[in-house]
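K.L.:
Same order as they appear, the protein sequences are chains A and B. Read in order, the letters of the first sequence are residues 229 to 575 in the working numbering. Read in order, the letters of the second sequence are residues 100 to 454 in the working numbering.
Calculated from the structure, these hints are not laboratory results. A few of these clues could be false.
Negatives, chain A to chain B, calculated, CB over 10 Å [unchecked claim]:
#1 L255
#2 A262
#3 G323
#4 A346
#5 K395
#6 I403
#7 I417
#8 R553
Chain A regions said to be covered by chain B (calculated; three or more residues, Cβ under 8 Å) [to be verified]:
#9 267-279
#10 371-377
#11 476-484
We put the CB at the ideal spot given by N, CA and C, even for glycine.
What follows is the residue order along each chain.
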Amino acid sequence: MPESTAARRPAWVARLLTRDAALIAVLVLVLVLASAALPRFASPVTVGYLLLNAVPVLLLALPMTLIIITGEIDLSVASTVGITTATIGSLNLAGWEFLPAVLVALLVGVIAGAVNGALIAFVGLPSLAVTIGTLALYRGLTLVLIGDNSVSSSQYPEGFTSLINAKVGATGIPIVMGFVILAAAVFIIVLHATPFGRGLYALGFSKEAATFVGVHVPWAKFWLFTASGLVAAFVGVFWSTYYSARSDSANGLELTVIAAVLLGGVSIFGGRGTVIGALTGVLIISNINYALRLQRVPDVVLIIITGSLLIVSVVGPSVVDAARRRIQRARRHRTRPLAEARGIDGA
Amino acid sequence: MEFLRKHGSSPRRRLLTFAATGTVAALLLSACAADAGGEAGGGEGSSEGASISFIPKNLNNPYITLELSGAKEAAEELGFTYAEAAPLDAGADSQIPFIQTEVQNGTQILAVSPNDPDAVCPALEDARAGGAKIITFDSDSAVECRDLFINQTSVEGVAAGQLEQLFDQIGGTGEIAILSATAAAPNQNAWIEAMIQQIEESDEYEWDLVATVYGDDDDTKSFQEAQGLLQSYPDLAGIISPTTVGIAATARYLSTSEYKGQVALVGLGLPGQMKEYLDDGTVQAFALWDPSEVGYLTAYAGKALLEGTITGAEGDTFDAGKLGSYTVGPDGLVIVGELLKFTPENIDEYDYISF
Numbered sequence: 229m230p231e232s233t234a235a236r237r238p239a240w241v242a243r244l245l246t247r248d249a250a251l252i253a254v255l256v257l258v259l260v261l262a263s264a265a266l267p268r269f270a271s272p273v274t275v276g277y278l279l280l281n282a283v284p285v286l287l288l289a290l291p292m293t294l295i296i297i298t299g300e301i302d303l304s305v306a307s308t309v310g311i312t313t314a315t316i317g318s319l320n321l322a323g324w325e326f327l328p329a330v331l332v333a334l335l336v337g338v339i340a341g342a343v344n345g346a347l348i349a350f351v352g353l354p355s356l357a358v359t360i361g362t363l364a365l366y367r368g369l370t371l372v373l374i375g376d377n378s379v380s381s382s383q384y385p386e387g388f389t390s391l392i393n394a395k396v397g398a399t400g401i402p403i404v405m406g407f408v409i410l411a412a413a414v415f416i417i418v419l420h421a422t423p424f425g426r427g428l429y430a431l432g433f434s435k436e437a438a439t440f441v442g443v444h445v446p447w448a449k450f451w452l453f454t455a456s457g458l459v460a461a462f463v464g465v466f467w468s469t470y471y472s473a474r475s476d477s478a479n480g481l482e483l484t485v486i487a488a489v490l491l492g493g494v495s496i497f498g499g500r501g502t503v504i505g506a507l508t509g510v511l512i513i514s515n516i517n518y519a520l521r522l523q524r525v526p527d528v529v530l531i532i533i534t535g536s537l538l539i540v541s542v543v544g545p546s547v548v549d550a551a552r553r554r555i556q557r558a559r560r561h562r563t564r565p566l567a568e569a570r571g572i573d574g575a
Numbered sequence: 100m101e102f103l104r105k106h107g108s109s110p111r112r113r114l115l116t117f118a119a120t121g122t123v124a125a126l127l128l129s130a131c132a133a134d135a136g137g138e139a140g141g142g143e144g145s146s147e148g149a150s151i152s153f154i155p156k157n158l159n160n161p162y163i164t165l166e167l168s169g170a171k172e173a174a175e176e177l178g179f180t181y182a183e184a185a186p187l188d189a190g191a192d193s194q195i196p197f198i199q200t201e202v203q204n205g206t207q208i209l210a211v212s213p214n215d216p217d218a219v220c221p222a223l224e225d226a227r228a229g230g231a232k233i234i235t236f237d238s239d240s241a242v243e244c245r246d247l248f249i250n251q252t253s254v255e256g257v258a259a260g261q262l263e264q265l266f267d268q269i270g271g272t273g274e275i276a277i278l279s280a281t282a283a284a285p286n287q288n289a290w291i292e293a294m295i296q297q298i299e300e301s302d303e304y305e306w307d308l309v310a311t312v313y314g315d316d317d318d319t320k321s322f323q324e325a326q327g328l329l330q331s332y333p334d335l336a337g338i339i340s341p342t343t344v345g346i347a348a349t350a351r352y353l354s355t356s357e358y359k360g361q362v363a364l365v366g367l368g369l370p371g372q373m374k375e376y377l378d379d380g381t382v383q384a385f386a387l388w389d390p391s392e393v394g395y396l397t398a399y400a401g402k403a404l405l406e407g408t409i410t411g412a413e414g415d416t417f418d419a420g421k422l423g424s425y426t427v428g429p430d431g432l433v434i435v436g437e438l439l440k441f442t443p444e445n446i447d448e449y450d451y452i453s454f
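Chain A on its own, in the form it takes in the complex:
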């Protein structure tokens, strides 16, 4: 698998570009269709609500993209959001000021991520197992911290809550989006324009190959999961000021994030994907959901649609790959009858 893919490198670079372009085209199509079909859709109100509700998923998708590209996964992000909101909430109940509470929450997020990172990178455990464990562990700690209390945004200084809800002029675009764009820029640069980032793709294909090209595999993984914890902590801060801090804050959000990232063309097998693609995936799902909800389509239907989209986007490329490989092998058989007899990689 590694050698054959490496041989096709220029081809997959080209395919990545077209995949991103196709995704953006789908997003535009969704926007055009929704605006044409729903009179209330194209309005600043939509922009505001939709983007604010998408902020957590947009942010969490950034580190998740990098992690999935390296062939790992982080299932504990939503629980980390939970534990950081609970930190802010319970410190608020204990009489702390907002800003110090936020700093502690960010620290908690970093620690939560670093624990994942250390177990995966230095102990060498599979990320799936580690983060399933911390998914439950962090959610449990959240419940211990905040119990059945609910601390809402009305408890915090007016300035912060109005900042969260502030819009850029009459466009309806929330000011917080500036932070999201900044964070996205950082991740795009790290992934696509640094040796570290390019090393992550190598890591997704083969750990040995990545080591040979100079990637320090354990540290790379450690920093990725720590970054994931930090971003989750920022989402936690947003969550507690926009929604509220409760034991079930962001419960189950990791599935939405992973679904959107996969829909955005990041390969679950690692080694393939872009930040722009992942973010487009998030926006496609948010827009479809928002538009259908505006038509009062029941949530049951929404979930079925999201699930089907995901299956199509994950299965689609695999089927294409399998077909292509079959053709290649047939061709190779004609020229070299004793070529490697390897099975088709299924999904």
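Dock chain B against the given chain A, drawing on the hints supplied.
P.N.:
Chain B only, in chain A's frame:
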């Protein structure tokens, strides 16, 4: 990863494929079942043809379905355009997008049953700014975020009724536990608080409340919590479950376990759902009100608010169709009625209360 690497890429692939499939499966599974009604549309005019939207805690809950059936009935009587929308889970924040949608749809009466009293406030304020009348039903938001709160019966009444039923069965001593819905459900917590207070204040109630557990209004989780309770506290004399999902799941567990008839179970249950457990002796008594009346009264209260006959001030009175006339209490509270107690003697009169 080391191990997996040495054996080529396929086991790792299987792991990750498992994760991917899991994600998909979870998305799809949570989509199972459910009939979420809801017709689109929005009308104009003072009251006739007005639009009313109900946002309960979640859908797929038999209690809520029944509640909304009353709301739908009243909306038809009043000629309102009726809509309902809610998330699939009773999470604190999952209701907010639904409120926002109704705001954007320009609904004139917004009836909400908040999963979190404060988190919904900003969205409700948006709705109000758009001219909508806000009513909470079942569980309340912060007082300043709504015009009226329609409650089934007083918090004290609910607490006292359940404690009396438990006392009748096990007397005033022994270990008891509470199986609630979600840890932050305002109505559940208010009842639990009132029960704890009444136990402390009463001379007759000498119970030892050993645990309060949360089944999240999820049938499976409630069932497992009930199992866990009886395993952890083998001497448990009684369980109070002030939620229809919880009491049904607990009764189902008890009915097939060695504890059947040994552990008393009281709480708030749907007669249609609980009848079999009364019949087989798992449960001796439970209580509720007619949930459809809550929805019905909410719609009529919405009409009165919209027409301006009431403002939500204490002492305002309004007509509520088949239920008669109601008066607004302090803090905009309207109480539907008394707690209705069910026993094997009267269950057949009420078993229409089901889903």
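K.L.:
Please go over all the hints and tell whether each is borne out by the structure.
P.N.:
Right, here's what the structure says about each hint:
no.	hint	in the structure
1	L255	holds (19 Å)
2	A262	holds (13 Å)
3	G323	holds (18 Å)
4	A346	holds (14 Å)
5	K395	holds (13 Å)
6	I403	holds (16 Å)
7	I417	holds (27 Å)
8	R553	holds (14 Å)
9	267-279	holds (count 5)
10	371-377	holds (count 4)
11	476-484	holds (count 6)
In summary, the structure agrees with every hint in the numbered list given earlier.
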